[in-house]
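There are 2 protein chains.
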Amino acid sequence: MNACIIAVGSEMLTPFRTDTNSLIITDRLNAIGYDVRLKMVVGDDVEELARMLSLAAASNDLVVCTGGLGPTDDDVTRDAASKAFDMPLEIDETIVTGIRERFERRGMKMQAINRRQGMVPRGAVVIPNAFGTAPGLWLDGPHAAVVLLPGPPREMTPMFERIVAERLAPKAAGRGLFRRVLKITGRPESDIDAAAQPVYGPWRHARVPISTTILAVMGQIELHLTAAAASRADADQALDAAVAQLRGVLGTSVYSTDGRPLEAVIGSLLRDRGWTISAGESCTGGLLMARLTSVPGSSAYVDRGFVCYSNRAKTDLLGVPPDMIAAHGAVSEPVARAMADGARTRAATHVGIGITGIAGPDGGTAEKPVGTVSIAVVAGDRASVRTFQFIGARDMVTFQSTQAAMNMLRLLLMEG
Amino acid sequence: MNACIIAVGSEMLTPFRTDTNSLIITDRLNAIGYDVRLKMVVGDDVEELARMLSLAAASNDLVVCTGGLGPTDDDVTRDAASKAFDMPLEIDETIVTGIRERFERRGMKMQAINRRQGMVPRGAVVIPNAFGTAPGLWLDGPHAAVVLLPGPPREMTPMFERIVAERLAPKAAGRGLFRRVLKITGRPESDIDAAAQPVYGPWRHARVPISTTILAVMGQIELHLTAAAASRADADQALDAAVAQLRGVLGTSVYSTDGRPLEAVIGSLLRDRGWTISAGESCTGGLLMARLTSVPGSSAYVDRGFVCYSNRAKTDLLGVPPDMIAAHGAVSEPVARAMADGARTRAATHVGIGITGIAGPDGGTAEKPVGTVSIAVVAGDRASVRTFQFIGARDMVTFQSTQAAMNMLRLLLMEG
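Chains as they are written, first to last, in numbering that gives the first Met the number 0: chain L, 0 to 415; chain B, 0 to 415.
No lab work stands behind these hints: they were computed from the structure. Treat the hints loosely; a few may be bogus.
Because identical chains share one entry, a pair is satisfied inside a single copy or across any pair of copies.
To be verified - Okay, derived cross-link-like pairs now, SDA-like style, lysine to any residue, Cα gap no bigger than 20 Å in a straight line:
{"#": "1", "residue 1": "Lys182", "residue 2": "Thr251"}
{"#": "2", "residue 1": "Lys82", "residue 2": "Thr19"}
{"#": "3", "residue 1": "Lys367", "residue 2": "Arg203"}
{"#": "4", "residue 1": "Lys182", "residue 2": "Asp34"}
{"#": "5", "residue 1": "Lys367", "residue 2": "Ser298"}
{"#": "6", "residue 1": "Lys108", "residue 2": "Thr71"}
{"#": "7", "residue 1": "Lys108", "residue 2": "Ser189"}
{"#": "8", "residue 1": "Lys108", "residue 2": "Asp315"}
{"#": "9", "residue 1": "Lys82", "residue 2": "Ala49"}
Keep in mind it's a predicted model, so treat the numbers as computed, not measured.
Pulled out of the complex, with its shape left as it was, chain L reads as follows (with noise of 0.2 Å):
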């Protein structure tokens, strides 16, 4: 089965903004087996949509289209649908008395303009939306069958939800793409492919096919697998299996299985063991503990941290010796060592990180340039220190830091 998106609004003809609600359409519908062939975003102009809606009704199973269903002039889904599909618009007074209902709630008065949103294509079914003014509609078409949305994310998404629950699922009989994702980090992208592509090549052709993606985003890579399989069950079973195969050639670069980031993942292990962790950061200013506090319940495991820029602060709060710092440098392994060190001391805590580095743009030598930063992780009676050389601009950098110094925990934390 074949589907269409179409997104409606000039807004998403600027350089401003995209649309994203094809992503989530397109989740739900290959969950049910629907390939999305075609997506589209269309402006706020009648005769164009109305000329696209009748293109993708033509070749699609599907059409899925979202927004313009407001009330104003701007709005022109219903009356491209009409034109589309040679359905006239009739005034359906219930949308109008439910509208008014849900003004008159909230101590308001409808607009005269808000009748425009009861008007809906002969033979139309009519969604309701729990979250809006604006209903959807349903149009069983000679080729396809057609859906309009409200483009707001928040009325879309349930409004679909139940669509593919009671209308498109029910056909689909089970069938549908699963997908599972692995988050692998510390290897570069090249490395990852030449290990796994081996092991995902045949799956291809399998009894139940699977499709891998690899995706690399700042600091790590993901890799996609996509099974097309007759029921959950065989999905899972098949899904089960190819992650135990790529586990065992990706071994422990692989940090979830389960779409939880690695700050979620250390802190799980944290928890594991009653651990507590503390930091001392120059180069990412923060963002170490602002990533580790991002977790819901992350104060078991968290107490405190120091942001160290001067060399100053770092001999202040964590007593790194001047002369260390002199004869080393701000940056490098003994500094990084000396702040984890000092963080776990001061800190009175379990796990010590420090992180010193050159974020660029400024501040790089031909010894130590731009993107150099050494970091120091202290867990329990192992240690690990290393250096690297990262690649992009200053929040790349920073980023990157943060993403190793965890990687280095999360590594010592499964020796340990």
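Put chain B on the given structure of chain L with help from the hints.
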């Protein structure tokens, strides 16, 4: 002049990836007066792409297509264009030689499949690619000009800029859409629109018409002004006047008219006075310091910061009296103020900030629900202390807290 942008690649029809090239292309096209009327995402399907290229070229002056120019079987853009515009493909040995030499310079051997990238629809102009193997192509069709560019933004962007400069801009003769962005914080969107709408409403019909879009993004509002003008000078004159008018009604809530984020504005204000800053952070966990230090050169005014997640840490690191915490609660204005004072005293800086709140999802009470955040800013001999009720998930609460703290500081620095 109307344009259509087509992004080619099946990966952009998954739930994981969206087209972003079109935002860059739209920005450049708008600047020379082109209106983008339609955007499409098409998979790696030669028939579908040929159909969409024909369709787009029939009703636009320009079609810009990115992606699908690689060497593999999945890369179908050359074939689709040849089919759509009835221009047979011919091998261009100059391109093949260029690709072979590119590989050899890197000590690699060109693979046979790379010859595909030398195929050119008869009559097309080849656009060199400085950052990759796939050349771009310019086709003069009967209705529209069609540009085919590679997908990676690093390769696509400079090639498109060259096309704009050499082929498209000369025809525009200076005419184009010119923009300004006002960034605003500390007031709700409805309030901003109510104040600004009477000002910007009439601009649509001015001699140099200006259209206005409001975008509410996390913790701030952006007003985008777009002037359609015959020259940059005309646009600048109209936009300068427009910005001044909006500043008149919006006052100090406008923090930037040149695209700079709030942390950069704060950085300039501190630099101008030669002042330094420190912060004691509880619920934001280091995010304020991370944002302040994300600005290049921030070591001129940032020395150190304190993440005090536990009550004990607030006392140890910032000297907040335990009986004050017992009397008022950790989330309270007196504690926020004591944190700001403690940070300033212990870091010996000119400015101190204290943030304490409930980021959620747990920890809220009837009296202090999730989203309650007390913030204190001390700067020179001035101080500002406020308690906010932020709405949204944990990351929304922490981001808005840092935004509010920086805005309080901005207002204090502007007053004094």
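Quiz item: Honestly, which of those hints from before does the structure not fit?
Solution: Violated hints: 2, 3, 4, 8; rest satisfied.
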